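**Q** Could you slot chain B with the ligands onto chain A? The hints should help.
Number of protein chains: 2
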Amino acid sequence: MAKKITSKDEDFSQWYQDVIREGKLADHSPVRGCMVIRPNGYALWENMKDSLDQMFKDTGHENAYFPLFIPKSFLSKEAQHVEGFAKECAVVTHNRLQSSEDGVEVDPESKLDEELIVRPTSETIIWDSYRDWIQSYRDLPILINQWANVVRWEMRTRMFLRTMEFLWQEGHTAHATKEEAVDETKQMLEVYRTFAEEYMAMPVKTGVKTESERFAGAVDTYCIETLLQDNKALQAGTSHFLGQNFAKAFDVKFQSSEGQHEYVWATSWGVSTRLIGGLIMTHSDDQGLIIPPKLAPNQIVIVPIWKNDEQKEEVLDYCHEIMDELNELDIRIKLDHRENMSVGWKFNEHEAAGVPLRLTIGPRDLENNNVEVARRDTGNKNIEDREGIAQHAADLLETIQEDLYKSAQQRIDENTHSVDSYNEFKEIIEEEGGFVYAHWDGTAETEEKIKDETKATIRCIPLEDGEQGECMVTGKPSKQKVLFAQAY
Amino acid sequence: MAKKITSKDEDFSQWYQDVIREGKLADHSPVRGCMVIRPNGYALWENMKDSLDQMFKDTGHENAYFPLFIPKSFLSKEAQHVEGFAKECAVVTHNRLQSSEDGVEVDPESKLDEELIVRPTSETIIWDSYRDWIQSYRDLPILINQWANVVRWEMRTRMFLRTMEFLWQEGHTAHATKEEAVDETKQMLEVYRTFAEEYMAMPVKTGVKTESERFAGAVDTYCIETLLQDNKALQAGTSHFLGQNFAKAFDVKFQSSEGQHEYVWATSWGVSTRLIGGLIMTHSDDQGLIIPPKLAPNQIVIVPIWKNDEQKEEVLDYCHEIMDELNELDIRIKLDHRENMSVGWKFNEHEAAGVPLRLTIGPRDLENNNVEVARRDTGNKNIEDREGIAQHAADLLETIQEDLYKSAQQRIDENTHSVDSYNEFKEIIEEEGGFVYAHWDGTAETEEKIKDETKATIRCIPLEDGEQGECMVTGKPSKQKVLFAQAY
Ligand SMILES: [Zn+2]
Ligand SMILES: [Zn+2]
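Just so you know, the protein sequences line up as chains A and B, in that order.
According to full-length UniProt numbering, the first sequence is numbered sequentially starting from 1.
According to full-length UniProt numbering, the second sequence is numbered sequentially starting from 1.
Next comes chain A alone, as it looks inside the complex (with noise of 0.2 Å):
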C-alpha cells in the first residue's frame, strides 16, 4: 500500500500538510483558518498541556477562567495594545439571528450597545479584574495562568503554526517590585526551554526581542526560537516583562509595606497549540509523525500476529503479559489486535502516527521467547528476549528521547552560522536558510533594510554578552551579535 506522504526534500510546505492528515492530527474547518483537532492531535496537546500545567503549579502558579469576550473599549486603554490586536478582531455586534426566506438572517434590532471582541489575548480583561483584586502588597504577588482558546483574524494561515482560533495557556502574574517581575518573565522563559528541550526535544535559542518584534503593550519579550527542517526558524513561546503599562492603563496600585501607593508590576507568558507544529517540523520524516516518547499518546503500539483461532488465542497471552509488564512501568500502552486490516496496513498507520516503538509478536516469538522491537525515529527492528522485555523498551523509550534531541541539535548546530559580511549573510540566507549570527547596529532602520532585502529577521538578542564588533550593514558600533533567520 502506498504511503500518501510527499516528500520533505520535493515539496516541504506539502510534506507537512501530508503528515498531518496521514497522522490525523486535524482537518480543515469550514471556517477560514480554523482547524479542527482530531483525537490523535488533540491527545498530543494534552500530554503536552498536562506537562506544562505541572511544571507551572510547581513553580507556584493557580489556574483561572476569565471571559471569551472583552468589552471594545478595554483593548483601547493600553495604546500599543490596541494598535497591535485592532486589525485582527472578531467582534460580536449583535445577539439575536431571525427567521429569513432561505434560513437565518442577524436581527438588527439585536445591535449591542459596545461591541465585543473575542480575546485575542486576555491582558486587558485580567487587569481590570486586578484592579478589584489588589489593595496591599500583602495580595501580591498573584500568579494566574489560564487555559483558554483565543482568536486572531490572520490572513495567511497554517494548521498549528498560524491559525485563526487556536489553543494556548497564558500567564498573567503581578508583583510589588520592577525585580521581581522581571525575575518572574525570566523564570517562564526557563520553563519554556526546559518544556521545548526535555520534552519536546527541540532545542532552542533564548533571547529577547527587538521593539519592532516586542509584543503589543510589552517592555521586554523574552523568546525560545528553534529552527526546523526546513532552516525556517519559529517562535515558540514568548515570555513578557510588561512593566506598569497595564496597571497604568488599570489604574491597578497596591499600598506597599510603606504606605505608599504604587502600580503594580506585571508579566505575561504564553504557549500555544503552535508548539504542535514545531514538534511536527522538528522530527518528523517522510514516513509521517514522530514524537518524542515523553509526550507520545502511545509510546508503545503491540501488533500481534496469528493465523488461527489456537495461535491468536496463545498469541495475545503472550502480549498481555507483556503489557501487564509495560503497565507496571507506566507506559502508554496500545495492543492493536484489529482483525479486519492487514499488518503491513497497521505498520503504516503506526508509523504515520509517531508511534516511538513497535513490538510485533507472531507465533515463531513465542516458540522462540522472543519480540521484535522497532524503533519509529531510526527505523531499526532487532529480535529481543522476552525476558526483560519490559524494562528493555523502557529504556529503548529514554534513549529515542535523548537521540532525538541530539539528532536536532546536530541539525541546528549545521545550520547556525556566524558571519562578519552582509554578502556572506545575503549568501547564507539565501542559499541554506537557518541561524545567522551577525552585528547589527541596534536601529529599527537597519533591522527594515535587512528584513526588506533578505526575508531574515532578527529571532532574537541573545541573553549572554557578546563580543563587540560593526554592524555588518552600516558599519557602525555592534554590543553582541544578534541572531538572525527566515521565519514562520
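Any given hint could turn out to be false.
What the hints assert, rightly or not - In the BS3-like style, the derived pairs of lysine-lysine whose C-alpha atoms are separated by at most 30 Å in a straight line are:
hint, chain 1, residue 1, chain 2, residue 2
1, A, 476, A, 232
2, A, 248, B, 24
3, B, 178, A, 49
4, A, 312, B, 57
5, B, 111, A, 77
6, B, 334, A, 186
7, A, 294, B, 57
8, A, 4, B, 253
9, B, 294, A, 49
10, B, 248, A, 57
11, B, 232, A, 57
12, A, 24, B, 77
13, B, 346, A, 57
14, A, 87, B, 49
15, A, 253, B, 4
16, B, 294, A, 57
17, B, 8, B, 232
18, B, 111, A, 57
19, A, 49, B, 49
20, A, 346, B, 334
21, B, 232, A, 24
22, A, 57, B, 178
23, B, 49, A, 334
24, B, 87, A, 24
25, A, 24, B, 248
26, B, 4, A, 24
27, A, 178, B, 24
28, A, 334, B, 57
29, A, 294, B, 479
30, B, 253, A, 346
31, A, 24, B, 24
32, B, 111, A, 111
33, A, 294, B, 49
34, B, 57, A, 49
35, A, 24, A, 476
36, A, 253, B, 24
37, A, 49, B, 4
Stated by the list, open to error - Interface residues of chain A toward chain B, partial, derived using beta-carbon atoms under 7 Å:
hint, residue
38, 34
39, 36
40, 38
Read the hints as simulated data drawn from the structure, not as lab findings.
Remember, it's a predicted structure, so these values are computed and weren't measured experimentally.
Built from N, CA and C at the ideal position, the CB exists for glycine as well.
**A** Same frame as chain A, but now just chain B with the ligands:
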C-alpha cells in the same frame, strides 16, 4: 471577626452570592452575564473535569477539539435546532477595528460575507466533520468528547447556574444502529448519575424530558435532576438520543456491512460549570462552602499555632511529619503557615472555602502527642492521637463523603411527595416546594397549564414503569406519575 455571609433562611439567593464571594469561587465580570472563575473555583472545576474525563475515557471516548465559530448557515440545517438557539446567539459580523476619535470603532469595511456564530453547542460543526470521517461501518462508532467554552445569550443570569459563557464538555457520538446509540445515551446518563452521587455527593433523579423540555434537535433527552436546599430543582446533566436528525441535516451516511447506504445514528451529552452551582446549593451552609472530599482542591488544611520562634520550629517540624504521612496516602493538603494573620481569621477563611478537614496543631499538642481535628460539615472537633493520625484523617474524609451524600439524600427524601389531587399538588408546590410525583395526561396543554398556574414544570418522566392512574388536572388516563418541581 464577623462573617459576611447572609443566612440561608433569611435570603437564599443572597446567601448563594455570598458563599461564592467568600469562598473566592468567582466574580462578576464587566461583560454582562459572564463570570471570572477564580483559582478556588477553577481548582474545583479541574477536579470535577479530571474525574469525569477519566470516566469518559474508561467508557471508550477520546477528546478532540472543534472550532469556536459556526457558519450561520450551518445552524439552520436542522430545523428544531436553529429554532432552539437562534434567539440567544453571539454573532461575529466584522474582523477589524480602526481608530476613532475616542478609541476604536468597528471598521465597516471588514464586514464578513457570512456571519459566524459563537458555538452555543457543537452538533452542527461536528456533524459537518463526521461527514468526512464516516464512509463505512468500519469507521463507526465514533466516540468523541470535547471540553470547551460555549455562549448562550441568556437574559437572566446567575453565577454558575446560568451564565452567558460557560465551560462544559459535550460528547458527540456516531453509531451504525439505533440500539447502539440509545445504549450510549443511557450509558452516559449513568456516568452522570454516578459522578453526581459518588463524587459530588449529590443525589439525583433520572428520567426523560417531555417534548417541550427536550433539547432542540433531539428525539429523546435523558436527564439527571437534583433538589437544592431551597427546594427548587436543578437539571444537572443531559444525554440526548438524536436519532438520525443531524445525519440527515448534514447528509452523513455509511455503507453497512451488507453494502447498503444508511444514515448514521447520533447522541450528544453534556455537563457544565452549572454543576458547581448545584454543588454549592446542595451542601453549603451559613459558614460558607462545603465541598465533598473527593472534589475538594484541598482536602485537609493544617493550621499551626506558635507564640515564639522556638515553638514555631518545633510545631512546623511536627506538622511536616504529619504532612509526609498524609502525602503518602495521596491526600491533597495545605499547610497554612502565613504569619500576618490571626488563627481565627484563618479558620474563617478555610471554612468559607469548604476545606473538609482542619488539623490544628499547637505547642500543647506536641506535649501530649495530639492533634485537634475539626470537620467542616458537622463542625465537630476532636482531640486525636498523633499516632495513626494520617489513616484516621483518610478514614474521616471517606466518612464525610458518605455523610454528605446521606444527609442530602435524607433532605431530598423528606421533600419528595407523591400526590393524587391537583389541590394537594398546588398546596405543596406553593407552601413547601420540593419534588412532587403526580399523574399527568401526557399532553403539552396540561403541562403548560400546570406551569402557568404553579410555575412547576415536569422535571422528568421516570425510566422505571409506575402505576397507571388519572391525570390530576384533566382526569384523563396517565401511564405513570411524573416528577414535578419548580426549577432553576
Ligand atoms: Zn553551512
Ligand atoms: Zn412535606
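**Q** Look at each hint and say if it fits the structure.
**A** Verification of the supplied hints:
1. A:476 x A:232: Holds: residue 476 of chain A and residue 232 of chain A sit about 28 Å apart, inside 30 Å.
2. A:248 x B:24: holds (26 Å)
3. B:178 x A:49: Given pair residue 178 of chain B, residue 49 of chain A is violated - Cα atoms ~37 Å apart, limit 30 Å.
4. A:312 x B:57: Satisfied, since the Cα-Cα distance of roughly 27 Å is no more than 30 Å.
5. B:111 x A:77: holds (24 Å)
6. B:334 x A:186: holds (28 Å)
7. A:294 x B:57: Satisfied, since the Cα-Cα distance of roughly 20 Å is no more than 30 Å.
8. A:4 x B:253: holds (25 Å)
9. B:294 x A:49: The given pair, whose Cα atoms are some 23 Å apart, holds under the 30 Å limit.
10. B:248 x A:57: Not OK: residue 248 of chain B and residue 57 of chain A at ~46 Å, beyond 30 Å, violated.
11. B:232 x A:57: violated (38 Å)
12. A:24 x B:77: Holds: residue 24 of chain A and residue 77 of chain B sit about 27 Å apart, inside 30 Å.
13. B:346 x A:57: Holds - the C-alpha atoms of residue 57 of chain A and residue 346 of chain B are around 23 Å apart, at most 30 Å.
14. A:87 x B:49: Violated: residue 87 of chain A and residue 49 of chain B sit about 36 Å apart, past 30 Å.
15. A:253 x B:4: Satisfied, since the Cα-Cα distance of roughly 25 Å is no more than 30 Å.
16. B:294 x A:57: holds (20 Å)
17. B:8 x B:232: Satisfied, since the Cα-Cα distance of roughly 14 Å is no more than 30 Å.
18. B:111 x A:57: violated (42 Å)
19. A:49 x B:49: Satisfied, since the Cα-Cα distance of roughly 14 Å is no more than 30 Å.
20. A:346 x B:334: Violated. Residue 346 of chain A to residue 334 of chain B sits at ~48 Å, over the 30 Å cutoff.
21. B:232 x A:24: It is violated: about 46 Å lies between the C-alpha atoms, which goes past 30 Å.
22. A:57 x B:178: violated (45 Å)
23. B:49 x A:334: holds (24 Å)
24. B:87 x A:24: Status violated; Cα separation ~36 Å.
25. A:24 x B:248: holds (26 Å)
26. B:4 x A:24: violated (53 Å)
27. A:178 x B:24: Distance of about 28 Å is within 30 Å: holds.
28. A:334 x B:57: With a Cα-Cα distance of about 14 Å, the restraint between residue 334 of chain A and residue 57 of chain B holds, given a limit of 30 Å.
29. A:294 x B:479: violated (58 Å)
30. B:253 x A:346: holds (26 Å)
31. A:24 x B:24: violated (41 Å)
32. B:111 x A:111: Roughly 14 Å between the alpha carbons, so the hint for residue 111 of chain B and residue 111 of chain A holds.
33. A:294 x B:49: holds (23 Å)
34. B:57 x A:49: Given pair residue 57 of chain B, residue 49 of chain A holds - Cα atoms ~17 Å apart, limit 30 Å.
35. A:24 x A:476: Violated: residue 24 of chain A and residue 476 of chain A sit about 51 Å apart, past 30 Å.
36. A:253 x B:24: Distance of about 21 Å is within 30 Å: holds.
37. A:49 x B:4: violated (38 Å)
38. 34: Given a least distance of 4 Å, the restraint on residue 34 of chain A holds.
39. 36: holds (5 Å)
40. 38: holds (6 Å)
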